[in-house]
Amino acid sequence: MTEMKYQTKPLDIWNEGKALRQQYYENYAKAHEKGGIRWAGGAWAYSAVPAGLGDDVWSLTGEPYGASVAFNKEFAARCQEAIEAKGFARDLCAYLRNYLGSVVLDEYVFGGKFPKPDFMWTTHICCSHAKWYQIASDLEGGVPYFCIDVSTGLIEDFNERRREYVVNQLLDGIDWLEQTTGRDYDDQKLIQAVYNECEATSLWAEICALNRTIPAPLDEKTMYSLYVFGTIIKHRPEIVDFYRKLRDEVQERVDNKIAAVGNEQRRVITDTQPPWGFLEIFRYLETFGVVSVGSLYTFSLIGAWEVKDDGTWGPRTTPQEQGIDITTRKQALEVLADWTHARPEWQHFYSAQKKSDMMLRIVREWKVDGVMLHYNRGCEGLSLNIAENRLAFKDAGIPVLPFEGNMGDEREFDLERTKKAVDSFLELLGVK
Amino acid sequence: MFDKFKEWYENRHDYAQAWKKQTGGKVLGYFCTYVPEELLIAADILPLRILGSHEAQDVTEPHIFGMFCPFCRDCLAQGLKGRFDYLNGIMISQSCLHIRQTYNSWVKHIPQEFSYYMYMPHGVQTPHAYPYLRGELEVFKKALEKWIGRSISDKDIDRGIEVMNKNRQLMKQVYEFRKQDNPPLTGLEAMYMVVSSQMVEKEEHNQALEAVLKELPNRKLDRNTGTRLMIIGSEDDDTEFVEMVESLDSTLVVDEHCTGTRYFWNEVEPQKDRLAAIAARYIDRPPCPSKDWPERKRFPHILQLAKDYNVEGALVIQQKFCDPHELDMPALRQMLEENGIPTYFLEFDVTVPIGQFKTRVEAFLETFALPDLF
Ligand code: SF4
Ligand code: SF4
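For the protein sequence lines, the chains are P and Y, in the order given.
Under the numbering used here, read the first sequence as residues 1 to 432, first letter to last.
Under the numbering used here, read the second sequence as residues 1 to 374, first letter to last.
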């Protein structure tokens, strides 16, 4: 362990976050007991939209669920075997396999039977998205399913016509939600959910922006447990509230120079989801004073960003901050579509260059010394163009460590080999 | 009689270069059959589908992570090796994630006069996709006009539609012959016919098709039809594999590939708004699995083909790591088997182990002979 340079302490809000997460999975599982509704869909689903059905509507988002399964290696292995036995290929999205395997086994990773959703509601940008819930719907005996095509391209091309395509699908979706659930739709609840979602995702960006500070107040391993709220219930008031408190606490850490890693000497970023069962890699780095301060993934899977007047990235100005008064259903959906389609993690689906540019920006602005690229066999969506990103870092003269693994399938991660590769990277960074 | 198609397929580069020299026109390489060739023909451009060469290669590893399909890597290898250096431009119509990396790397590393990424929608089952794609076609048309330096008139588009539709009709007529008890053409010949249509000038291809259609009624093949098979799955122009299968007392009588029926099955139905008509054709075509949701509309179409062509068994193939097809595979096999069509699954790579596949296909074909024994 290298020398401690900074004061460090755990986050005060940690336990609150833990309780919130537990509450979320429980709310979903127990929704029916209280006459509520539950739906399943992707982390990138337009989750604010079903919120118009009432406050007792709970969702289970597939990717964080797949990651929770991955943490439980024994259960993950059983899920993977179960879905492979149904004829699904081993190289498919690991979250999808973990989720669907859990459905096949009829076991919820948090205990009990798998809680069947009342409907599926999702978006499609990765090849696996729509098909995931098509298959899930089949496996669950024909659960009603609605999916919105969001593959409308780069944000700079997102004009009125393209937005209309998305908004029209969402409007159809609301009619479908009413028919499917038999409930009346409340536009005021939708409008509130849109405000909430914009605020929560902007707050997350603000929190990540604070991590530019030396020493970094947060390390990426910790951030994984915090960004997750944006992937499960980004439109709910309790998340806005939680992120406000978190932002204040992180600001306090910045003001008082409280570090996530007391011996910080080098700062790195990663890319794509980590191999969840092997987060010890981060602890290994930390023993040499190397801290991962984030990634395009943790910052912008849900974080909402914009380029500020000084040319740097900062939290996106929310509609409420801009004084936009949302009054109608259509307007709410338009605001939400404009907000959603600017998500940085959607841009790389169209352009390798855009992703390289965004990552290079992070390297500059977060004062990063090196980049670890997880060639993630478990996720074709986020590993897209990763080899071109590596070339971009090489061209820019930035130390880069590509390592292969799988976010959710431990059979495809070789800890010892990765540690060896990390050792060479540490030498390159001059800390070993 | 099908030699011409084979020759075109094998000498695609020579053909395109000669065409360029002769016409002074532009050649545009494309990656996916959702590209609206009608507009390219209207612009007097030769659309040429970029396919792989089925040779082992080591040039794509720095550009595309090895977990993506071998087809997309093989295509990029062709570009990196300079085999398409004569192209004036490239384009992709949005399809799966894998192949768009080929486009991305190509744009970055192989300089082009023109490159275009068309936002073809995935939600082809929503009615909103029609006006949306119409709008995309309009944007694309403008980009083409800028590139070629002239406007594309309705008359030009009509010509594009007409020649494409004719090509589709003629290939469908040839496919009709495959319904016969003893088809006068093999699956290999049909494959050469369709893939070559993705490479040469359509008028010329149409002439060759017309000549074939004249002779087909009197053609008899000196071979046994054997077991009537269908082949379904990812991109496939693996002629060596098809030839091997058909050497085993079987015939591929129909397919569901983007190098086969998915490419040409439906036509543009003319309407006053030409772009709307073209949009409708691409929205309504037999879908790629990545666009086939929420319903699986591909399946009834496959089943209908199997019935119409009196199929006894199906080879379901996929390129290794091809997520779109992998995601459909279990339900597809189940659907076929429930309808009395046994299936056999094979995974393709850039090069396929023909010897090993032969043993496996033989074993599958033997199962069709069993009932006769008892
Ligand atoms: S492959 Fe990646 S982007 Fe696609 S669904 Fe799975 S986790 Fe999401
Ligand atoms: S559909 Fe399949 S074979 Fe075709 S490019 Fe995509 S992954 Fe490859």
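Among the hints, a few may not be true.
Unchecked claim - Distance ranges between label pairs, derived from CB positions:
(1) E138/Y / E416/P: 29 to 37 Å
(2) L171/P / G340/Y: 37 to 45 Å
(3) H109/Y / T287/P: 36 to 44 Å
(4) G112/P / P300/Y: 54 to 62 Å
(5) A363/Y / E280/P: 56 to 64 Å
(6) I354/Y / E416/P: 36 to 44 Å
(7) P300/Y / T287/P: 43 to 51 Å
(8) Q271/Y / G142/P: 47 to 55 Å
(9) G112/P / Q271/Y: 52 to 60 Å
(10) E74/P / G66/Y: 22 to 30 Å
What the hints assert, rightly or not - Below, simulated DMTMM-like cross-link-like pairs (lysine to aspartate or glutamate); rule was C-alpha separation at most 20 Å, straight line:
(11) K142/Y / E238/P
(12) K358/Y / E246/Y
(13) K320/Y / E404/P
(14) K189/P / E238/P
(15) K320/Y / D357/P
(16) K26/Y / D181/Y
(17) K189/P / D175/P
(18) K221/P / E410/P
(19) K108/Y / E249/P
(20) K73/P / D414/P
(21) K297/Y / D369/P
(22) K146/Y / D157/P
(23) K320/Y / E238/P
(24) K21/Y / D3/Y
(25) K419/P / D357/P
(26) K108/Y / E404/P
(27) K330/P / E81/P
(28) K394/P / E61/Y
(29) K21/Y / D44/Y
(30) K172/Y / E210/Y
(31) K30/P / E238/P
(32) K320/Y / E412/P
(33) K113/P / E81/P
(34) K4/Y / E204/Y
(35) K86/P / E337/Y
(36) K320/Y / D308/Y
(37) K20/Y / E246/Y
(38) K86/P / D284/Y
(39) K330/P / E345/P
(40) K220/Y / E204/Y
Don't read these hints as lab results, they were simulated from the structure.
Here the structure is a predicted model, which means the values were calculated and not measured.
C-beta: ideal position from N, C-alpha, C; glycine also.
Now for the hints, and whether the structure bears them out:
A hinted range of 29 to 37 Å is violated for the C-beta pair E138/Y and E416/P, which are about 56 Å apart. Look at L171/P against G340/Y: about 43 Å separates their beta carbons, and that is inside 37 to 45 Å. In this structure the supplied range 36 to 44 Å holds for H109/Y paired with T287/P, their Cβ-Cβ distance being about 39 Å. Evaluation of the 54 to 62 Å hint for G112/P and P300/Y yields a failure: the beta carbon distance comes to about 38 Å.
A hinted range of 56 to 64 Å for the beta carbons of A363/Y and E280/P is inconsistent with their spacing of about 46 Å. In this structure the supplied range 36 to 44 Å holds for I354/Y paired with E416/P, their Cβ-Cβ distance being about 38 Å. Range check, P300/Y to T287/P: Cβ separation about 59 Å, and the 43 to 51 Å hint is violated. Q271/Y and G142/P have their C-beta atoms about 36 Å apart, which leaves the hinted 47 to 55 Å range violated.
Here the CB-CB span from G112/P to Q271/Y is close to 55 Å, well matched to the stated 52 to 60 Å. In this structure, E74/P and G66/Y meet the distance hint of 22 to 30 Å, their C-beta atoms being roughly 29 Å apart. For the hint linking K142/Y to E238/P, the alpha-carbon distance of about 48 Å lies beyond 20 Å, and the restraint is violated. Between K358/Y and E246/Y, the direct Cα distance comes to roughly 10 Å. Compliance with the 20 Å bound is thereby established for this hinted pair.
For a cut-off of 20 Å, the pair hint linking K320/Y to E404/P stands: about 18 Å separates their Cα positions. Between K189/P and E238/P the CA atoms are separated by roughly 15 Å; this keeps the pair inside 20 Å, and the hint holds. For the proposed pair K320/Y and D357/P, the alpha carbon gap of about 31 Å is over 20 Å, so the pair is violated. Note on K26/Y and D181/Y: the hinted pairing is violated, with a Cα-Cα distance of about 44 Å set against a maximum of 20 Å.
Between K189/P and D175/P the CA atoms are separated by roughly 15 Å; this keeps the pair inside 20 Å, and the hint holds. Proposed proximity of K221/P and E410/P is supported: the alpha carbons are some 18 Å apart, at most 20 Å. Under the criterion of a C-alpha separation no larger than 20 Å, the hint pairing K108/Y with E249/P is inconsistent with the structure, at around 43 Å. At most 20 Å may separate the alpha-carbon atoms for a hinted pair to count; K73/P and D414/P meet this at roughly 14 Å.
Distance restraint check for K297/Y and D369/P: the Cα-Cα separation of roughly 50 Å exceeds the 20 Å cut-off, and the hinted pair is therefore not satisfied. Taking the CA atoms of K146/Y and D157/P, the gap is about 18 Å. The hint holds against a cut of 20 Å. The suggested pairing of K320/Y with E238/P is violated, with an alpha-carbon distance near 44 Å, which exceeds 20 Å. Between the alpha carbons of K21/Y and D3/Y the distance comes to roughly 24 Å, so the proposed pair goes past 20 Å and is violated.
With a C-alpha separation of about 28 Å, the suggested pair K419/P and D357/P falls outside the 20 Å cut-off, and the hint is violated. Between K108/Y and E404/P the CA atoms are separated by roughly 24 Å; this puts the pair beyond 20 Å, and the hint is violated. Pair hint K330/P plus E81/P does not hold up; C-alpha atoms about 45 Å apart against a cutoff of 20 Å. Between K394/P and E61/Y, the direct Cα distance comes to roughly 15 Å. Compliance with the 20 Å bound is thereby established for this hinted pair.
As the CA atoms of K21/Y and D44/Y are separated by approximately 14 Å, the hinted pair is consistent with the 20 Å bound. Restraint check for K172/Y and E210/Y: satisfied, since their Cα atoms lie roughly 12 Å apart, inside the 20 Å limit. A hinted pair counts as satisfied when its Cα atoms are at most 20 Å apart, and K30/P with E238/P qualifies at roughly 18 Å. Simply put, K320/Y and E412/P have alpha-carbon atoms about 17 Å apart, close enough for the 20 Å limit, and the pair holds.
Distance restraint check for K113/P and E81/P: the Cα-Cα separation of roughly 18 Å lies within the 20 Å cut-off, and the hinted pair is therefore satisfied. About 11 Å separates the Cα atoms of K4/Y and E204/Y, which keeps this hinted pair within 20 Å; it holds. Distance hint between K86/P and E337/Y is fulfilled; the C-alpha atoms sit about 15 Å from each other, no more than 20 Å. Note on K320/Y and D308/Y: the hinted pairing is violated, with a Cα-Cα distance of about 30 Å set against a maximum of 20 Å.
A hinted pair counts as satisfied when its Cα atoms are at most 20 Å apart, and K20/Y with E246/Y does not qualify at roughly 36 Å. For a cut-off of 20 Å, the pair hint linking K86/P to D284/Y is broken: about 30 Å separates their Cα positions. This hinted pair does not check out: K330/P and E345/P have alpha carbons roughly 25 Å apart, beyond 20 Å. For the hint linking K220/Y to E204/Y, the alpha-carbon distance of about 25 Å lies beyond 20 Å, and the restraint is violated.
Hint compliance for this structure: hints 1, 4, 5, 7, 8, 11, 15, 16, 19, 21, 23, 24, 25, 26, 27, 36, 37, 38, 39 and 40 are broken, all remaining hints hold.
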